[in-house]
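Asks: Each chain is listed here by its residues.
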Amino acid sequence: MPVASPGPSVVELRISARPTLISTVRTVASDLAGRADFDLDAISDLRMAVDEACTTLVRLTTENDTLTCVFTVDTESIGVSVSTRPGWLGAKVSTESFGWRVLQTLADEVEAHEGDPEGPDSIGIAMVKRLGIVQ
Amino acid sequence: MTRPDTPFSTPSNSASPSPDAPAEPADQPADNSENDSVTGDDTNDTDQDGGNRRDGEYEHLVPLLAEFADLETGDPRRDGLRDELVKGYLPVAQHIARRFSNRGEPMDDLVQVATVGLINAVDRFRPDRGSDFFSFAVPTISGEVRRHFRDQGWSMRVPRRLKDLHVSINSTVSELSHELGRAPRPSEIAAKLDVPVADVLEGLEAAQAYRSSSLDEMLTSEDGGATLGDLLGEADAQLERVEYQQALEPLLGELPDRERTIVMLRFFGNLTQTQIADRVGISQMHVSRLLAQTLVKLRHRLEAE
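Same order as they appear, the protein sequences are chains A and B. When we follow my numbering, the leftmost residue of the first sequence carries the number 1, and every step to the right adds one. When we follow my numbering, the leftmost residue of the second sequence carries the number 1, and every step to the right adds one.
Simulated from the structure, these hints should not be mistaken for lab results. On a predicted model such as this, the values are computed, not experimentally measured, just so you know. For every residue, glycine included, the Cβ atom is placed at its ideal position computed from N, Cα and C. There may be inaccurate statements among the hints.
Said to hold, decoys possible - Away from chain A, derived, C-beta distances all over 12 Å, residues of chain B:
no.: 1; residue: GLY74
no.: 2; residue: ALA207
no.: 3; residue: PHE267
Unchecked claim - Calculated pairs, SDA-like style, for lysine to any residue (alpha carbon to alpha carbon, straight line, at most 25 Å):
no.: 4; chain 1: B; residue 1: LYS192; chain 2: A; residue 2: ASP31
no.: 5; chain 1: B; residue 1: LYS192; chain 2: A; residue 2: LYS92
no.: 6; chain 1: A; residue 1: LYS92; chain 2: B; residue 2: GLN246
no.: 7; chain 1: B; residue 1: LYS163; chain 2: B; residue 2: PRO139
In isolation and in its complexed conformation, chain A is listed as follows:
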């Protein structure tokens, strides 16, 4: 009988949606990636991607709202989901900005979501960074 895998580990951070707190999320991201033994490029990519995603969402909400960042650490990948409440009617993540291009380059998968997972009144960015190919 194979030993049951414990499954992915989850780390969730809830911060006030303020720019000054983003560095904390960034540090958690690079710490998790470092401990998962991602290579240095991937660690740095994830760090920048998290920064970009958080900055994008902080600007789409009000500073009294909460930004929720969920990291899902698996053996081969780290998933990051950042979400918040839209600060005004129609506030949504643009997928035509330079920032989006940056996210697409830095993460292996990225998507903007609305109405998920925090109920209908939520916007967010979900991305996956993979460990990379070992030669």
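With chain A's structure known, arrange chain B on it following the hints.
Replies: What follows is chain B alone, placed relative to chain A:
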């Protein structure tokens, strides 16, 4: 502490992006080249200077040095003698401080640091060892100033142990990148350095506090020029497909060459940081910092449009 974590944390300043935008990249290359040349020639120059001055200006101090060195630690005459010596040799400290003056540190601070070096030199000099004061004092003083630069390179207090580890990690990273053809993992760095992975992780985190232009990161490669041009051509073609090209292109054009190249290669040429580091001739960690800084700048500028 006073300095926010530069690469990333500027979103809070988004109201006034432009004033600091051109300033930073401008002093990086300058800083590097100056570090290079100043470090390269200051020993020679100061030695010559020492030579010129040795005969006249400082002649009367030589017997005082011997006298000072002979006094017991508790001797009441020591303080006065020490003052006289430090004052007498002060021009030497000022001269050395001036050699480091165009590296962005305030002149007063440099003179102060150099003077600390001079005091150390006066305290530690032993005339009976045969060498003269200048050949002992000049390296002692410039060593003190260099240490100041090394410590100032860190934007927050980082223990000496981590700074040293940062230096060894940095060189191991470039070695391993060449061996592996990709960026190394923390475990690989740890194995190579024969230290625990936890230490490497700590050292990498400390590296985030390091200011970008530093003594160990010179712009070295000149020969990468042709390839760079080719790659930039491809990256430019990629940029043309981007809808917001019109907004972005002028901003990219305003960036210093190196920053622009790095951003283009990463986001429009799809090269990894390690590949870029290789082509541009700086370390992966330096590419990482420059990329992060430049992204913050671009973000501000795009918003200001």
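Asks: Look at each hint and say if it fits the structure.
Replies: Each hint, compared with the structure:
1. In this structure B/GLY74 is separated from chain A by more than 12 Å, as the shortest Cβ-Cβ distance comes to about 51 Å.
2. A beta-carbon of chain A comes within 12 Å of the beta-carbon of B/ALA207; the shortest separation is about 10 Å.
3. Once the 12 Å rule is applied to beta carbons, B/PHE267 is inconsistent with being away from chain A; the minimum gap is 5 Å.
4. A threshold of 25 Å between alpha carbons decides the hint, and for B/LYS192 with A/ASP31 the separation of about 21 Å falls inside it, so the pair holds.
5. Pair hint B/LYS192 plus A/LYS92 does not hold up; C-alpha atoms about 46 Å apart against a cutoff of 25 Å.
6. Restraint check for A/LYS92 and B/GLN246: satisfied, since their Cα atoms lie roughly 22 Å apart, inside the 25 Å limit.
7. Pair hint B/LYS163 plus B/PRO139 holds up; C-alpha atoms about 22 Å apart against a cutoff of 25 Å.
Hints 2, 3 and 5, counting from the list given before, are not met by this structure.
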